[in-house]
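J.: Construct the entire structure; sequences and hints are all you get.
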Amino acid sequence: MTGELPFSHFVRHLGRGPGRSRHLTREEAREAMRRVLEGTVAPEAVGAMLMLMRYRTENAEEVAGFIEAMRGRCAAWSALPVDLDWPSYASGRSRGMAWFVLSAALVARAGLRVLLHGYNSHHLANPVSPGHVIDALGLPVVHDPVAAAAALEARGIAYVPLKSLERRFLNLVDLRDVFGLRSPVNTCLRGLNPAGAPASVQGVFHPPYRELQRDAAQLLGQETMIVIKGGGGEVERHPGKPVEVYGLRGGETVDLTVPPFADIPARRLAADEDAPDLSRVLDLWEGRSEDAFAEAVVLGTAALALFTAGRAPDVPAAEALARDLWAARLG
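Residue numbers (my numbering): 253 to 583.
Derived by calculation from the structure, the hints in this document are not laboratory data. All the pointers check out, no bait thrown in.
Computed Cβ-Cβ distance ranges for the label pairs, DEER-style:
1. Pro565 - Asp426: 40 to 50 angstroms
2. Gly269 - His458: 22 to 32 angstroms
3. Thr292 - Pro494: 41 to 51 angstroms
4. Gly583 - Ser531: 19 to 29 angstroms
5. Pro568 - Ser260: 48 to 58 angstroms
Cβ coordinates follow ideal geometry from the N, Cα and C atoms, glycine included.
T.: Right, dumping it as structure tokens:
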């Protein structure tokens, strides 16, 4: 790729019609996204490319190429001492309490340094979206790598809003309001892993994206990761159902079906029956109330993360560790 081709080169290959269109190569995707992020591409061309890819469904090479270009824009974050990357990019409009935030906080208590990053959804109408839960728990919200390193050292966990990670990523995500559809950028953000953590957990809403995100991670040299269909597209395990886990261990693909965490009545993760109330998450965390289902969500999700990060040899051992960490949190 010489860098001298017009941007229409990329759009043309995606949209030439039946029998003639094709996916971008990894190199083409990397070059196309590099130009988009430099701000040298007309917005009409950006929209055409992203929506053609959305229509075709992006493949692993395109996702890997996009991520490589995106990592170049947030290279300042790559030296952070992070053990576990935890992306959070679901829309937050229709799901209930973001219990998985407690899971991430619990994992940090195992001595793992956890970097949460995501779309800062404070402005959404949902009062129990991840950003609000992070605030309620008092978890560090950081806006630069220096602050992130300090928070990881002091608390073992930090959350970076997308606008602080790289404003142009947020601009691309906000195109959803223009298109009425998500774009491949949403997929790429889940696999971004800006600090280059050795382990990553990812969630999806649509099951076919589990293999896509796992395959892209493998192309990028990620050694260890999992991806699950989680509550609202987040990394959040339903405790009363089996969960299919797509992953990498030692860079090789591993598929697992994990049995239910608890014998518990079915209940939707996507919406709470009660009126949204942030006090519920803080009361549960601080031991002032009990909620068997929510607790099972937190512990079951934490167990998958602990297993992924190598704190336990298998999922049952990770579940036992999660229970021990939960019992010790009030000590």
